[in-house]
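K.L.:
Use these hints to put chain B onto chain A, whose structure you have.
Top line first, the protein sequences correspond to chains A and B. Sequential numbering of the first sequence, starting at 1, is according to the working numbering. Sequential numbering of the second sequence, starting at 1, is according to the working numbering.
Just to be clear, a hint being listed does not mean it is correct.
Claimed, not checked - Chain A side only, calculated, beta carbon under 10 Å to chain B, not exhaustive:
{"no.": "1", "residue": "Val4"}
{"no.": "2", "residue": "Phe35"}
{"no.": "3", "residue": "Tyr37"}
{"no.": "4", "residue": "Gln39"}
{"no.": "5", "residue": "Met45"}
{"no.": "6", "residue": "Leu47"}
{"no.": "7", "residue": "Arg50"}
{"no.": "8", "residue": "Glu52"}
{"no.": "9", "residue": "Gln56"}
{"no.": "10", "residue": "Leu84"}
{"no.": "11", "residue": "Ala93"}
{"no.": "12", "residue": "Ala97"}
{"no.": "13", "residue": "Trp108"}
{"no.": "14", "residue": "Gly109"}
{"no.": "15", "residue": "Gly111"}
Stated by the list, open to error - Across the chosen pairs, the derived CB separations fall in these ranges:
{"no.": "16", "chain 1": "A", "residue 1": "Tyr54", "chain 2": "B", "residue 2": "Thr15", "range": "45 to 51 Å"}
{"no.": "17", "chain 1": "B", "residue 1": "Thr5", "chain 2": "A", "residue 2": "Thr20", "range": "31 to 37 Å"}
{"no.": "18", "chain 1": "A", "residue 1": "Arg63", "chain 2": "B", "residue 2": "Arg22", "range": "31 to 37 Å"}
{"no.": "19", "chain 1": "A", "residue 1": "Gln44", "chain 2": "B", "residue 2": "Thr77", "range": "21 to 27 Å"}
Said to hold, decoys possible - A few chain B residues that don't get close to chain A, going by computed Cβ distances all over 12 Å:
{"no.": "20", "residue": "Val19"}
{"no.": "21", "residue": "Thr26"}
{"no.": "22", "residue": "Val111"}
Worth flagging that the hints you see were computed from the coordinates, not collected in a lab. Where is the CB? At the ideal position from N, CA and C, for every residue including glycine.
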Amino acid sequence: AQTVTQSQPEMSVQEAETVTLSCTYDTSESDYYLFWYKQPPSRQMILVIRQEAYKQQNATENRFSVNFQKAAKSFSLKISDSQLGDAAMYFCAYRSARGAGNNRKLIWGLGTSLAVNP
Amino acid sequence: DAGITQSPRHKVTETGTPVTLRCHQTENHRYMYWYRQDPGHGLRLIHYSYGVKDTDKGEVSDGYSVSRSKTEDFLLTLESATSSQTSVYFCATSGTGNYEQYFGPGTRLTVT
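Just chain A, with the same shape it has in the complex (with noise of 0.2 Å):
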């Protein structure tokens, strides 16, 4: 069965500076997607960036981009000149490439909480 893995519960950055988070997965598949969702304290989940494996070129959507190390099974998300309302939790989620049923659902991290400090 696959697992996500978020090693880091808490992480503080300076505003305007960049941090990274880290996220790893365990999977035997080779085709899959990865999520980085955001829940702000109003509890919305938002998706932040999304990746498909089989694309070798980081994503990247404004101040948000990833990591992608397929064989080291490491998918880490980094936020530059970050800013107050990047105050929030980060979930990492796996989804397989697979199409039907029970394979569609979302693998969860436990969650990142990032604090910005002024």
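P.N.:
Here is chain B on its own, set in the frame of chain A:
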């Protein structure tokens, strides 16, 4: 946003009473999911649906049932609420061509 609403947003109920949570989506997504979120456990899948009247169990389905009579609505029922079901419940959806899931705002349920 995928246009997902949940009702109620907050509920307090007593042990032993039935409770129904509603998820409504306007995106015509085929797949819908119910999760619960608890400290130290992250998000855990309760049930999911892959079409109208097609549902299946997730990893923590005991004590819960679901129904989906229309594409846009997915109901989660706690047949006889227990204190261990105090949690935040999230609904999510995804379309046939989507890899990611989109989430509703959550329902905080307290069972006393």
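K.L.:
Going through the earlier hints one by one, which of them does the structure break, listed in rising order?
P.N.:
9 and 10
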